[in-house]
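Peer 1: Sequence:
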Amino acid sequence: MKLILDVGNSLIKLAVFDSKLQIEHRTFKEKELKISLSKVLKNYPNINFVVVSSVSTLKKNKIKEFFDGYRLLFLDSKVRLPFNSLYKTTETLGTDRIALVAAAHHIYPNQNVLIIDTGTCITYDFIDKDSNYHGGSISPGLMMRYKSLYQLTENLPNLNPTHPENFIGNSTHSSVHTGVVLGAVTEIEGMVSMYKKEYPDLKVVVTGGDCNFLCKQFKISIFAISNFLMEGLNFLSEANFKE
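Mapping of the sequence shown onto my numbering: position 143 corresponds to residue 143, and the numbering continues sequentially without gaps.
It should be emphasised that the hints constitute simulated quantities derived from the structure, not laboratory data. Possibly wrong hints are sitting among the right ones.
No more than 25 angstroms apart at the CA atoms, straight line, and that leaves these computed lysine to any residue pairs for SDA-like [claimed, not checked]:
1) LYS78 to THR120
2) LYS216 to MET143
3) LYS88 to ASN240
4) LYS88 to PHE74
5) LYS42 to TYR70
6) LYS196 to ILE168
7) LYS197 to ASN240
8) LYS216 to ASN240
9) LYS147 to ILE168
10) LYS39 to LYS88
11) LYS20 to LYS88
12) LYS216 to LEU149
13) LYS60 to SER131
14) LYS62 to LEU11
15) LYS88 to LYS196
16) LYS62 to ASN84
17) LYS147 to LYS88
18) LYS147 to GLY94
Derived Cβ-Cβ restraints for the label pairs, each shown as a range [what the hints assert, rightly or not]:
19) SER137 to TYR108: 33 to 43 angstroms
20) ASN61 to ASN227: 25 to 35 angstroms
21) ASN155 to ASN227: 14 to 24 angstroms
22) SER221 to GLY183: 28 to 38 angstroms
23) LYS34 to SER137: 33 to 43 angstroms
24) MET143 to THR172: 11 to 21 angstroms
25) LYS219 to GLU32: 29 to 39 angstroms
26) TYR70 to HIS25: 16 to 26 angstroms
27) GLU189 to HIS25: 22 to 32 angstroms
28) ILE168 to SER226: 26 to 36 angstroms
29) THR89 to HIS25: 23 to 33 angstroms
Fair warning: this is a prediction, and the values are worked out from it, not measured in the lab. Glycine is no exception: its CB is placed at the ideal position from the N, C-alpha and C atoms.
Generate the whole structure from the sequences, applying the supplied hints.
Peer 2: Written out as structure tokens, the structure reads:
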């Protein structure tokens, strides 16, 4: 049995896999790490392999201490890839993006796939039907857009994501919501449109923390898959380590 951790900028995601079947999934804050891991390890005593993807070296060290005695694999940009990468700076490519492409390659073989991850940042990653990963784009996520308006100005309010009632804001609050939410939606739909001009048979997968919120606004055909990243991390671990 395998435990997979994705340690992101804002949250930690956890999944338990029994072979290829995901049987547990949790999301929590860093301060809840110890208690959350203790509960999962107690509930699943057969876990004997731990896979970690982390954006932070400090968090890696904390996790390494916690799992002393377990078989532990840290995924990084040096992992063996199950696809061909055309990315020029693989040493700076995050394992989260690698994992998303790995999931697309495994679940949708021989297809042109655009994966859109709506987390702290909105990332776009494209793999073609010949298993070539081309790269993509990175832009600010919803909360980053809200926070930048609040922190980099004197008079704009600190708001949480809210679906705008109209595309024209009639107050400062509604103007911010319209600008942030519809701005992100329009960006994503525009990106998809550009890709589809080059790849008409494109399959679009949307995932990440803001997936459910943003998908309510889309007027395009997409596949919303919340656990896509964890599936990809599991595929990567299988390609790099045999239990």
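Peer 1: Next step is simple, just say for each hint if it's right about the structure.
Peer 2: Hint by hint, here is what the structure shows:
1. In summary, the hint linking LYS78 to THR120 is supported, as the alpha carbons are separated by about 23 angstroms, within the 25 angstroms threshold.
2. Proposed proximity of LYS216 and MET143 is supported: the alpha carbons are some 17 angstroms apart, at most 25 angstroms.
3. Proposed proximity of LYS88 and ASN240 is supported: the alpha carbons are some 22 angstroms apart, at most 25 angstroms.
4. Under the criterion of a C-alpha separation no larger than 25 angstroms, the hint pairing LYS88 with PHE74 is consistent with the structure, at around 22 angstroms.
5. Of the supplied pair hints, the one linking LYS42 and TYR70 holds, its CA atoms being roughly 14 angstroms apart against a limit of 25 angstroms.
6. Restraint check for LYS196 and ILE168: the C-alpha separation of about 28 angstroms exceeds 25 angstroms, so the hint is violated.
7. For the hint pairing LYS197 with ASN240, the CA-to-CA distance comes to about 35 angstroms; that exceeds 25 angstroms, so the pair is violated.
8. Restraint check: the Cα-Cα separation between LYS216 and ASN240 comes to about 37 angstroms, which exceeds 25 angstroms; the hinted pair is violated.
9. The suggested pairing of LYS147 with ILE168 holds, with an alpha-carbon distance near 21 angstroms, which does not exceed 25 angstroms.
10. Restraint check for LYS39 and LYS88: not satisfied, since their Cα atoms lie roughly 41 angstroms apart, outside the 25 angstroms limit.
11. At roughly 31 angstroms between alpha-carbon atoms, LYS20 and LYS88 are farther apart than 25 angstroms, so this suggested pair is violated.
12. Restraint check for LYS216 and LEU149: satisfied, since their Cα atoms lie roughly 23 angstroms apart, inside the 25 angstroms limit.
13. Proposed proximity of LYS60 and SER131 is contradicted: the alpha carbons are some 31 angstroms apart, above 25 angstroms.
14. Of the pairs offered as hints, the one joining LYS62 and LEU11 holds, with about 15 angstroms between alpha carbons and a cut-off of 25 angstroms not exceeded.
15. Distance check on the hinted pair: LYS88 and LYS196 sit about 23 angstroms apart at the alpha-carbon level, within 25 angstroms; holds.
16. The suggested pairing of LYS62 with ASN84 is violated, with an alpha-carbon distance near 33 angstroms, which exceeds 25 angstroms.
17. In summary, the hint linking LYS147 to LYS88 is not supported, as the alpha carbons are separated by about 31 angstroms, beyond the 25 angstroms threshold.
18. Distance check on the hinted pair: LYS147 and GLY94 sit about 23 angstroms apart at the alpha-carbon level, within 25 angstroms; holds.
19. For the hinted restraint 33 to 43 angstroms between SER137 and TYR108, the CB-CB distance of approximately 20 angstroms leaves it violated.
20. Checking the proposed 25 to 35 angstroms range against ASN61 and ASN227 shows it holds: the Cβ atoms sit about 27 angstroms from each other.
21. One distance hint, 14 to 24 angstroms for the beta-carbon pair ASN155 and ASN227, is violated here, with the actual separation near 40 angstroms.
22. For SER221 and GLY183, the Cβ-Cβ distance of about 21 angstroms falls outside the hinted range of 28 to 38 angstroms, so the restraint is violated.
23. Checked against the hint of 33 to 43 angstroms, the C-beta distance between LYS34 and SER137 comes to roughly 36 angstroms, which is consistent with it.
24. At roughly 18 angstroms, the beta carbons of MET143 and THR172 sit within the given window of 11 to 21 angstroms.
25. Between LYS219 and GLU32 the Cβ separation comes to about 37 angstroms, which falls inside the hinted range of 29 to 39 angstroms.
26. The given range of 16 to 26 angstroms is respected by TYR70 and HIS25, whose C-beta atoms sit roughly 20 angstroms from each other.
27. At roughly 28 angstroms, the beta-carbon separation of GLU189 and HIS25 lies within the given 22 to 32 angstroms, and the hint holds.
28. The given range of 26 to 36 angstroms is respected by ILE168 and SER226, whose C-beta atoms sit roughly 32 angstroms from each other.
29. A beta carbon spacing of about 31 angstroms between THR89 and HIS25 agrees with the range 23 to 33 angstroms that was offered as a hint.
Checked against the numbered hints above, the structure breaks hints 6, 7, 8, 10, 11, 13, 16, 17, 19, 21 and 22 and satisfies the rest.
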